Amino acid sequence: MTVAAPAMASGEQAAAVPSVPAGVRVKGTFTGIDLAWNLPADGGTGLTGFVVHRNVNGTETTYPVPPTKLNWQDTERLPGATYSVAAVNADGEGPASTPGPADTVPGAPTAAPTDAITVAHTVTTDGVSRTFLGQIAVQGATQVIPLATSGPTQQVDKAIAASADGRQVVFSQGQTSLWTVSAVVPHAQPVKILDGSSGITEKSWSPDGTRIAFEREQSGTSCIEIIGATGGTPVRVGCNLAAPSWLPDNQTLIVKDQVTGKLQRVQAKAGGAVLTTYAGTELAQHPVASPNGLWIAYFKNTSVNVIPVAGGTPVPAPSYGTSGDSISWAKSNLLLVARRTDSGASTLQQIPVNDGRPYANVELFVPPAGETVNSAVWQGPRLTIKPSAAVVGPNLSLPFDTTGLVNPYVSCEFDGMKTAPCPASPFQKTGVAAGRHVLRIWGVEDGGRGTEAVRWLTVDTTAPSAKVTGPTFDVTKAATATVTYAGSDDTGVASYDVRWRIAPTAGNFGAYAAVKSGTTATSVAIGVAAGYEYCVSVRARDVAGNLSAWTADKCFSRPSDDRLMGAAKGWVRASNRAYYLGTATVTTAKAISVSRSVQAKRLFLIATKCVTCGGLNVYYNGKYVGAVNLYKATTEYQAVIPLPVPASFLTGSVLLTTRVAGKVYQVDGLAVRRT
Numbered sequence: 125m126t127v128a129a130p131a132m133a134s135g136e137q138a139a140a141v142p143s144v145p146a147g148v149r150v151k152g153t154f155t156g157i158d159l160a161w162n163l164p165a166d167g168g169t170g171l172t173g174f175v176v177h178r179n180v181n182g183t184e185t186t187y188p189v190p191p192t193k194l195n196w197q198d199t200e201r202l203p204g205a206t207y208s209v210a211a212v213n214a215d216g217e218g219p220a221s222t223p224g225p226a227d228t229v230p231g232a233p234t235a236a237p238t239d240a241i242t243v244a245h246t247v248t249t250d251g252v253s254r255t256f257l258g259q260i261a262v263q264g265a266t267q268v269i270p271l272a273t274s275g276p277t278q279q280v281d282k283a284i285a286a287s288a289d290g291r292q293v294v295f296s297q298g299q300t301s302l303w304t305v306s307a308v309v310p311h312a313q314p315v316k317i318l319d320g321s322s323g324i325t326e327k328s329w330s331p332d333g334t335r336i337a338f339e340r341e342q343s344g345t346s347c348i349e350i351i352g353a354t355g356g357t358p359v360r361v362g363c364n365l366a367a368p369s370w371l372p373d374n375q376t377l378i379v380k381d382q383v384t385g386k387l388q389r390v391q392a393k394a395g396g397a398v399l400t401t402y403a404g405t406e407l408a409q410h411p412v413a414s415p416n417g418l419w420i421a422y423f424k425n426t427s428v429n430v431i432p433v434a435g436g437t438p439v440p441a442p443s444y445g446t447s448g449d450s451i452s453w454a455k456s457n458l459l460l461v462a463r464r465t466d467s468g469a470s471t472l473q474q475i476p477v478n479d480g481r482p483y484a485n486v487e488l489f490v491p492p493a494g495e496t497v498n499s500a501v502w503q504g505p506r507l508t509i510k511p512s513a514a515v516v517g518p519n520l521s522l523p524f525d526t527t528g529l530v531n532p533y534v535s536c537e538f539d540g541m542k543t544a545p546c547p548a549s550p551f552q553k554t555g556v557a558a559g560r561h562v563l564r565i566w567g568v569e570d571g572g573r574g575t576e577a578v579r580w581l582t583v584d585t586t587a588p589s590a591k592v593t594g595p596t597f598d599v600t601k602a603a604t605a606t607v608t609y610a611g612s613d614d615t616g617v618a619s620y621d622v623r624w625r626i627a628p629t630a631g632n633f634g635a636y637a638a639v640k641s642g643t644t645a646t647s648v649a650i651g652v653a654a655g656y657e658y659c660v661s662v663r664a665r666d667v668a669g670n671l672s673a674w675t676a677d678k679c680f681s682r683p684s685d686d687r688l689m690g691a692a693k694g695w696v697r698a699s700n701r702a703y704y705l706g707t708a709t710v711t712t713a714k715a716i717s718v719s720r721s722v723q724a725k726r727l728f729l730i731a732t733k734c735v736t737c738g739g740l741n742v743y744y745n746g747k748y749v750g751a752v753n754l755y756k757a758t759t760e761y762q763a764v765i766p767l768p769v770p771a772s773f774l775t776g777s778v779l780l781t782t783r784v785a786g787k788v789y790q791v792d793g794l795a796v797r798r799t
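Take 125 as the starting number for the sequence shown in my numbering and just add one per residue.
Please note that the accuracy of each hint is not assured.
Claimed, not checked - Using 16 Å as the maximum straight-line C-alpha spacing, the simulated EDC-like pairs for lysine to aspartate or glutamate come out as follows:
hint	residue 1	residue 2
1	Lys601	Asp570
2	Lys455	Asp239
3	Lys510	Glu760
Stated by the list, open to error - So the derived label-pair ranges between C-beta atoms look like this:
hint	residue 1	residue 2	range
4	Tyr636	Thr527	43 to 49 Å
5	Pro768	Arg687	22 to 28 Å
6	Gln278	Gln382	30 to 36 Å
The hints are simulated quantities; they were obtained by calculation from the structure and are not laboratory data. On a predicted model such as this, the values are computed, not experimentally measured, just so you know. Yeah, the Cβ is synthetic: ideal placement off N, Cα and C, and Gly gets one too.
Could you build all of it, start to finish, from the sequences and the hints given here?
Next comes the structure, spelled out in structure tokens:
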């Protein structure tokens, strides 16, 4: 059906609403939308403003914009939202645009971003400055979108750092507290990991995501400290050091030595030693190590310089502007640089780096007058290698994570040998030689976006040593015994395994059985039963998983009670708390015997020694082998008395016969050693 338009009344003049704004573009970050446009083709004469139309699943919301602005921001990230803009004059609102992201057709919903740049951004209003966390689009940004409209990210210090997986950022407040927050989830809740500190400035997040290094300015100097990514007590690496940046081994940092002004590589631990000093790096500022561990970029005066991590000659990029505020690596071949122009204005640039050579800068974002980009980090899902030990064994199993990547094609390279595609996580390799190795894993998404993770590995194939240091006795009458042991290894002992085997008085040893496995303790208390010999051995495990051999057995026995010995007529079974296990077999008669069947190399009698005690003849399998004297000037209950050593391993009987009438004989038990 066709409907005719009403005829224009005589003398009525057609309304001249504005035409469509030109060059409308929608740029998304993880936390919001940057919508920008140009004036309409007719120049925008008489414009009174603009109207932004946001449509979410059929629900439209409009937002007025003053005529002096050519952009607008949405601090929400709404799936499926579309945006358009119309110009307004005295005659009314003109036709709206049908914008979409640059990589889709007009009118399409904004696509989920794969990358964005998080910045610590300062705005000055009426002479009062405030620095907040925000994001800009990677290309074509016109403004900074706040990470959140309220909360801790609205007031931050100027230095920030990103996690290796591209999903989080660490920041500080008032130089006293340290926080982490998701940069890929709108309005995420920040987490405070440190409070009550002071002087916090530069930060760096370890490649495995577990630790954060930061600089603390301290009354005339600065110190480097490290804290767990989820909090804890900081560990001080050292002082007169500044600007930490992690290397891919997760065990070393690039820092600036405040005394010489040179860059150094130091151990990332309490009191970490200096491993390398880089010649030619005097006056270096804001050093950052590349994700692949090959290069260090830093400011020197107005130029960005790059030097190999292995050492060499710094290579400068062309000078620019008056100063540099921050450097970070967007990728292993691309730097993100916040600096000042000759006029002192802020600008954010990227600098390509090819084989260690930095090239001319490319401008990414120029903030409006009165605003400053203090530091910037590239964010978006990245392939990461999960945490691993500082030193590993020869059989590698290293999990990696591709979460957030769209159908990635994954390639691996180990010591220059490439595998494509790489088998599913974990990366595995056996029989790796001792020494340092490099693992690289790439993930390339369907659209060509690629991310890379690198891990330096130290492989240790040398087993630790272990020894049992106690007990030192042959016989114990106690119901428990403490076994002590020790180990040593160049890379550190991680744990111990403890085992035992047990033999009864007249029987063979049983099989070895575990007492403790994977224990970090260097002693273990074991229960011992009367009438058994115990042989304990230990092995050590180093931090790389290498195992020592089992130590030689450390053996001891606990005596069986006298009640288990056969006794001839004339012996009396007595009880007294002074006796071993509360009993003894006693007599004063001559030439009567007690006996026991054994399997033994060595034997120990448990008996009372006293001034009136006599002696015992000793017979093995009916053959006289010697005597023992129970005389002692002072009484000793439960004395341990070695019996004559058998000429060969004894299997059979032990017979103990009293020698003199009228003497005291108190037999308390018999300890047997097969070893």
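Here's how the hints hold up against the structure:
1. A threshold of 16 Å between alpha carbons decides the hint, and for Lys601 with Asp570 the separation of about 74 Å lies outside it, so the pair is violated.
2. This hinted pair checks out: Lys455 and Asp239 have alpha carbons roughly 12 Å apart, not beyond 16 Å.
3. With a CA separation close to 64 Å, the supplied pair Lys510 and Glu760 exceeds the 16 Å bound.
4. Between Tyr636 and Thr527, the C-beta spacing of about 44 Å keeps the proposed range 43 to 49 Å intact.
5. Checked against the given bound of 22 to 28 Å, the beta carbons of Pro768 and Arg687, roughly 24 Å apart, stay inside it.
6. Here the CB-CB span from Gln278 to Gln382 is close to 32 Å, well matched to the stated 30 to 36 Å.
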